[in-house]
Every structure is written in structure tokens, then in C-alpha cells.
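Those sequence lines, one after another, are chains A and B. The numbering used here puts the first sequence at residues 1 to 418. The numbering used here puts the second sequence at residues 419 to 886.
Since the hints were made in silico from the structure, they are not lab data. It is possible that part of the hints are untrue.
Using 25 Å as the maximum straight-line C-alpha spacing, the simulated PhoX-like pairs for lysine-lysine come out as follows [said to hold, decoys possible]: (1) A/K230 x A/K315; (2) B/K710 x B/K777; (3) B/K710 x A/K315; (4) B/K607 x B/K878; (5) A/K28 x B/K710; (6) B/K777 x A/K28.
Sample of chain A residues facing chain B (criterion: CB under 10 Å; computed from the structure) [stated by the list, open to error]: (7) V134; (8) L151; (9) F156; (10) Y193; (11) P196.
Covered stretches of chain B (chain A as the covering partner; in silico rule of three or more C-beta atoms under 8 Å from a C-beta of chain A) [as the list claims (entries may be wrong)]: (12) 612-620; (13) 856-868.
As the structure is a prediction and not an experimental result, all values here were calculated from the model. Ideal Cβ positions, reconstructed from N, Cα and C, are used throughout, including at glycine.
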Amino acid sequence: MTASAETPSSGPTRAASRPAGSLLYDPKVRSIFFQVALLVAVIAFFAWIVQNTTANLRARNISSGFDFLGNTPGFQTVTTLGTYLMDVSGRAITYLDVLKVGLINTLLVAVLGVVTATVVGFVIGVFRLSSNSVLYGFSTIYVELLRNTPLLLQIFFWYFAALRAPWVPDARGRVSFFWDSFHFNITGLYGPYPLPQPGFDATLWAVALGVALTVVMRWWARRRQDATGKQFPIFWGAVGLIVGLPLLVFLLTGSPLRWEAANFVEDGPVLRRGFQKGSGMLLIPELIALWLALSLYTAAFIAEIVRAGILAVNKGQTEAAHALGISQGKNLRLVVIPQALRVIIPPLTSQYLNITKNSSLAVAIAYPDFFSQVQISLNQTGRAIELIVIAMLVYLTFSLITSAFMNYVNSRMKLVER
Amino acid sequence: MTSSPHAPRSVAYVRTEDAPILPPPANTTGLYGWARRNFLDSMTDFSDVGSSVRSILMILLTVFLLWFGVSQIWGLIRFVLVDGVWSNPTGARREACLTEAQGGLLPNGSPVGACWPYVAANAKLFIYGRYPAAELWRPNLVFLLLGLGLVWTLWSRMPYRKLGAALMLVVFPMVAFVLLTGAGLSAPKTFWYVWPLATAVLLGLGWMGRRGIGGEAVAAFSGAFWGIGLFLAYILVFALAATTDWGLTQVTTRDWGGLLVTLVVALTGITASLPLGILLALGRRSTLPAVKILSVAFIEFWRGVPLITVLFMSSVMLPLFLPPGTSFNDLLRALIGVTLFASAYMAEVVRGGLQAIPKGQTEGAQSLGLSFWETTRLIVLPQALTLVIPGIVNTFIGLFKDTTLVSIIGMFDLLGQVSSTFADSSWATPVTRPTGYLVVAAIFFVFCFLMSRYSMSMEKKLRRGHAR
Chain A
1 MTASAETPSS
11 GPTRAASRPA
21 GSLLYDPKVR
31 SIFFQVALLV
41 AVIAFFAWIV
51 QNTTANLRAR
61 NISSGFDFLG
71 NTPGFQTVTT
81 LGTYLMDVSG
91 RAITYLDVLK
101 VGLINTLLVA
111 VLGVVTATVV
121 GFVIGVFRLS
131 SNSVLYGFST
141 IYVELLRNTP
151 LLLQIFFWYF
161 AALRAPWVPD
171 ARGRVSFFWD
181 SFHFNITGLY
191 GPYPLPQPGF
201 DATLWAVALG
211 VALTVVMRWW
221 ARRRQDATGK
231 QFPIFWGAVG
241 LIVGLPLLVF
251 LLTGSPLRWE
261 AANFVEDGPV
271 LRRGFQKGSG
281 MLLIPELIAL
291 WLALSLYTAA
301 FIAEIVRAGI
311 LAVNKGQTEA
321 AHALGISQGK
331 NLRLVVIPQA
341 LRVIIPPLTS
351 QYLNITKNSS
361 LAVAIAYPDF
371 FSQVQISLNQ
381 TGRAIELIVI
391 AMLVYLTFSL
401 ITSAFMNYVN
411 SRMKLVER
Chain B
419 MTSSPHAPRS
429 VAYVRTEDAP
439 ILPPPANTTG
449 LYGWARRNFL
459 DSMTDFSDVG
469 SSVRSILMIL
479 LTVFLLWFGV
489 SQIWGLIRFV
499 LVDGVWSNPT
509 GARREACLTE
519 AQGGLLPNGS
529 PVGACWPYVA
539 ANAKLFIYGR
549 YPAAELWRPN
559 LVFLLLGLGL
569 VWTLWSRMPY
579 RKLGAALMLV
589 VFPMVAFVLL
599 TGAGLSAPKT
609 FWYVWPLATA
619 VLLGLGWMGR
629 RGIGGEAVAA
639 FSGAFWGIGL
649 FLAYILVFAL
659 AATTDWGLTQ
669 VTTRDWGGLL
679 VTLVVALTGI
689 TASLPLGILL
699 ALGRRSTLPA
709 VKILSVAFIE
719 FWRGVPLITV
729 LFMSSVMLPL
739 FLPPGTSFND
749 LLRALIGVTL
759 FASAYMAEVV
769 RGGLQAIPKG
779 QTEGAQSLGL
789 SFWETTRLIV
799 LPQALTLVIP
809 GIVNTFIGLF
819 KDTTLVSIIG
829 MFDLLGQVSS
839 TFADSSWATP
849 VTRPTGYLVV
859 AAIFFVFCFL
869 MSRYSMSMEK
879 KLRRGHAR
């Protein structure tokens, strides 16, 4: 594309026929003039802001800089995956640690949300295309209801109404399910905590080996199919290598994994009853509410994306596959889904990004995600500019990484045209 | 074999009369046919093992979903209607929705559903916030004008829709501002000297350029003079309206709340972000590198950060950015944040429309001698914007739902206002919170559902227009 698309071209003949003042009409001169003017305006605007800000900070006696990151904050963070992974024993905790904990918690809820939303969204999306009225009706009501109410309201609903519903036992009681291995009460969901015993490393190595062998197997199966036309059951082979092999090793080494159940005290002083701190694995209700709200809300959008993607595959493709005698399942797997994915992936990317960005709503129910930690730190230190800049940069980085990754996937799946 | 194209009539295998019209197969009509089409097809195939397993799974799934869906919907109906507390003859407060065991008036043992007396008592708060009771006609008038204006501009059968749209975009904001705030503000003296002068100079230069007075230099930039001049003139008229004393009591934005704030934030966000978004979309498609880079950076920055960080930025950092001593309205801060955020999304929507316009349109316009801005204004934008109306409505739905986030920075939008009543001990019951959430959900659902239906019908209409 050249500049002539937007500005009428002025060849040398036209320019020559004009008087000297026609420099004003020269597209090149005009474009340079406009760009310089715009840049000057933008730079002047930013300079004005910087000048005002420094004046304001001086007037209000606010110190600035990033030195506060090494200070010790005056608040504690709830025990979550973040605090568990960030071992700070033996030194004072700093604001930097606080932010890192938040970052891990954000990633945790984002990953959980992405996985759940994808699964639920694909299922609901397929239901939306079903000829079965019950499936169609259920999925339609689901999509309309969740898409048309605010996410924040849904978070509040799960946190304040559903997880604190009258039937939910208080901190001294519990409901148990899955053969007494999981328990639920108002303080969260408790499960057994895996404690690896000596010798567990072998199982981990077996997983790595299984993945490596799967890659080799896939490569070999492709080559064989190209050469002889014979197919190899890659999926079951992969299941055997990635699940079966480690399981075998695990059993052969004598099951070196102990499950520590959550410690529940039923008698003794009333205030000491209930689940004891630091035993078992705990999903705090804030995380559950945020996870449920984010994934169910986003699943409604993903369902519509999936539906549109499947509808976008020409019916002739399915019919041709049937005419070739390809079975229903293979038709779906080899013909419809690969083509539907091309339509699905770009909008799916932005939904994954939305989950990450929307996880910042955690601040409303005090789940210690990245933005909540930023906000608490902001209240404590008053370093508004620094902290908000950090927050924006972090989310921006998430966005850029996700879209770069998805662009790569998209380019791999793109239709190769003649 | 004869080579004649018409076979003789006497041949035995040629029919001489029409075949009788048979009724459709019995299993495609009536109740059975309906059930077969809608349920049984997917679950009655037991011809082999695989199909049987699939059929059985389908039956289980259908039964489960039917049970789950019906029980949920029935639970909701029971909570809202059957068990809901409808009567409150004594004018009691929380006692109206508590059983006798809990210290209330309802008989023990009966399930308590939605607490409607609580909603009735707080309805004004939910809609207007703490807007003075004597002045409620003003927001009501704004709501009425808004409703009439929307019907006028959005319903395709109304006459003079363009005039309606122009009034809604230009005059309505001013009227709403004056009515809701009461106007009577004061502007610094220098404003009244500088602003009208600048406006007059720019408009004058634009006029001179069009008339060919002042030579090439003025003519070359007459479009820019004219555009910026009109913008300044609009601000001037707005400022005049805002500073005139209309005899209305002033109502500070701190007293606004509920649905009123939600609508103000959403509508301002969308109307202000549309022109900004158009400019950014044009900038992103520009061939001038500086313009393009700045537009891309702006769009990607705002799209890459969560709205909540933007709102925090506007509420905490914006006051620091302005000259010392400038005081800044809380609502305005949120509005600026929302507008900047929404304009980035709007820019992407508009860009989609711009990309859908064939290049031949631009080239045709240029071959007729139209300038870039004339081409954009007269040829490209009218087509592109019509194409993206559904996208704009969808952005609006998203923005409308996102206005709930302003409650996190301490403003009282609908959700914030309803949540604030949960702390009111005179209405503290176990059902208050669910009732409040239900009301908010119902209001948002109605608005968003109507908007999405409108966008779908527009989409259908547009597709029909383009399919030949």
C-alpha cells in the first residue's frame, strides 16, 4: 500500500503546473507536517502531565520511587498457592514478595478458569447445536442468563449467596463427599494433601520419559503412515506412555506418596473445633467463587464462539466425508473440528485474555490476586503511580504473551492456500 | 429405440394421470413425529454396541439436564413468587421477612422467599440513589426523553431518524446535564475571553478558506480549521448551558446513585467513545507512520489492561496529572476512565467496518476528486458504521455490564447502591442479599437481553441488504 491510497497523488507534472505556494498541497510535505504536529502535541501533553505530577507530588509531600518494594508491609496475606510457593522463611517479607504472591494467585485462577471455561464452553456450544430440545433449551437458557448479567454480580452471587447459603455448614461443621476424602464448609473446600515419599522422583521421571516417547512415537507413526498408509492408534499409545508408564513405575516403587487428610477436630473447646490450620489442602471460598464465576461466565461466551465455528464449516464437507465412507467420529475429528478451530481460535484467544483481565475483580471479594495485593499495598504506602504502573505493565505483559502465543497457534492452523 | 425427444403416449410405462398424494409418513407427524425430531432421534439407536452406549448416555444426560433445569427454574419461581413475602400490612421492616423464631412476623416452619417489602422500601434508592425527593421529576424527565429519543432513532419505521440521532448526540447530553446537575456552574474568567475568541478565529479561518479568501495557506487547512472550530463551538455552547442559572436546585453527583449512575456512565462512555473510536480506527489504518504507531499503541494499551486498573488510575492518578489546585469530580474521573477504555474497543469495532468496505469505494471517490476527509465522511464512514451497528451494540452491552466495576472505586451504581443496603440493619435478614442480587440481575438481564435482540435483528437486516 502506498501513500496514494489516501492522499490524491501529485505527480511531477501536477506539481510543476501549480504556483510556488503549492508546497502546501504536496502530500509528502503535508504528511510530514501533520505527523510532526501530532508528535509535538503528544510530547507536549505528556510533558505537561509529568510537570503537573511532580509539582503535585512536591506540594503533597509524597515521596516517589520504587524503593518501597524492599520494605516490610504491615499486613498478612491469606495462605494460598502463592504464599505456599513463595517460601520466605528466614527473612522479612517485602512488598515485592507480596506482589509475587499475588501474581502466582492470579496465574492460578486464570489457568483454572481457562481450563474449566474451555471444557464447559465446548460442551454447552455443542449442546446449542443439538437436535435434542432438552439439550438445546438448557444451553440456550444458560448462555442468555450468564451472558446478560454482570460478572461482578455473578462473583458476588457465588461468594455471598451460594457459598454462604443456609445449608452450608459453619466453621465447626462439614459436609463430606467422595468417600470422606473431601470436605466442605464455610471456610472452604478441604482435600487430602499429597506428601511425596523417597522414591517418588522415579514416577516424575517416568512422566517426562512418557512425554518424550510420545513425541518420538508420533513422529514415527507419521512417517510410517506417509510411507505405508497404515495408521497407528496415537491417542491410546500416548495414554499408555504418559499415564500407564508412570503408574506402573509408581506401583513398582511401592506407591511412594502419602495423602495427608485435613485434620478435623470434633470435640474439645468450641473455638478449637473444626479444621486445623495448615493441614490438608484448602481451597479458600474466595478462590472457589472467583473460579466458578469466571469460568461459567466466560463459558457462555466460548459456547457461542464454538457454535459459530462449527456452523461455519460448510455442510458439503461433512457430506463429502460421509460419501467417502468416513465414520461419524472420524468425520468430526478429522474434517469438522480442524476447520472449525480456524474460526474458533482468534476469538477464543480474546476470551482467555478476558479471563486473565477479569480475574482482577478478585479485589471485590478480597481474593489475594495480583491486583488486590497492589491495591492493599497502595493503601499502605500511598505510592499510587508506581503501583498502578506496575499493575498495568503486568497485565499488558500477560496480554502480549497470550496474543503472541495464540498468533503462533493460529498461524500453524491457518488454511494453506494455493 | 426411436430418436424422437417425445415418447408416444401409448407406451405402457408412461403415466397418464398424477400419482395420488400420500399423507406424510406416520412417524414424522403429530406428537410422535415431534418427539422423534426433538428427542428420540438421538437416543433410540440400539443397532450396535457403540450406538447403544451413545443412546443410553444421551438418555441419562437428557434426563439429568431436564431434572436439573426444571428444579432450578422451579426453585427460582418458588423463591420469587410462592415463598416470596408480598404483603406487609403493618409496615414492619426486617420483621416482615423473618419467622417468629427469628424474631419476625412470619409463622414458624414456612420457607421464606424473596423479601419484596425490602425492595419496595428501597426502590427509590435503587433507581435514583440519594437524589433529593423533591427533584425526582428531573431524572424522570431525562429517562423519558432518553426513552423517546431511543425509540425515535432506533426504530426503523420512525420518520426523520437522522434528525433524531443528531438531537440525541448533540442536544440530549446538554439537556440531561442541565437537568441532572441543575447547572449554574461557574467557569474561570479567562475561559470566557480565550474560548470564544479561539472559536471565532478558527471558524472564521475555515469560512475564509472555503470562500477562497486569504490564499492557499488558509484554503489548504480550511477543513481542519472548520472541524476543530465546530468542536470548540460545541464546548462553548455546552459551557454556556452549564453556567446559566436555569432556576434549578443544584444536585451534586455525590447524591446520584443506582440505575441513574449506571445509565449515565454507560451512555456517556458509549457516546463519547464513538467519535474517539472512529478517529483511532482511522488512525490505525492511516499510511502516516506516526499516526498509525500512536493509534496502535493507544488501542493496544487500553485493551491490554483490565478496566479496574483503568478506574483506579483515573480515580487515584488523574488528580495528580492536572495542575495543582484543580479539583475534580469523582463521577467525571470514572467517566474519563470508562471513555478511554471503551474508545479502544470501539476503535477495533469500527476498524472491522472500515476493512469491510471494498477499496473500489475509496478509489471511486478519489477519482471523482474528493479529498481524504470528504471520502471518509461521505463515502466510507456511512457504509462502515452501518455495517458495525451490531458490533457497537455488543460493545455497549459489555460496557453496560462493566459499569458495575465503578462500585469498587466507591461509587454507587446500581450494584453498589443495592450492596450498600445490605449493611442496613433494619433490613438485615437471610433473604435480603439474594433478593437484592435478584433485582440487580433482573434489571441488567432485561436491558442486555433487549439490546442483544436489537443487535441480532439489525444483523439479520444488514445481511439481507448485502445478499443479492
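Tell me the hint numbers this structure goes against, listed in increasing order. 1, 3, 4, 10, 11, 12
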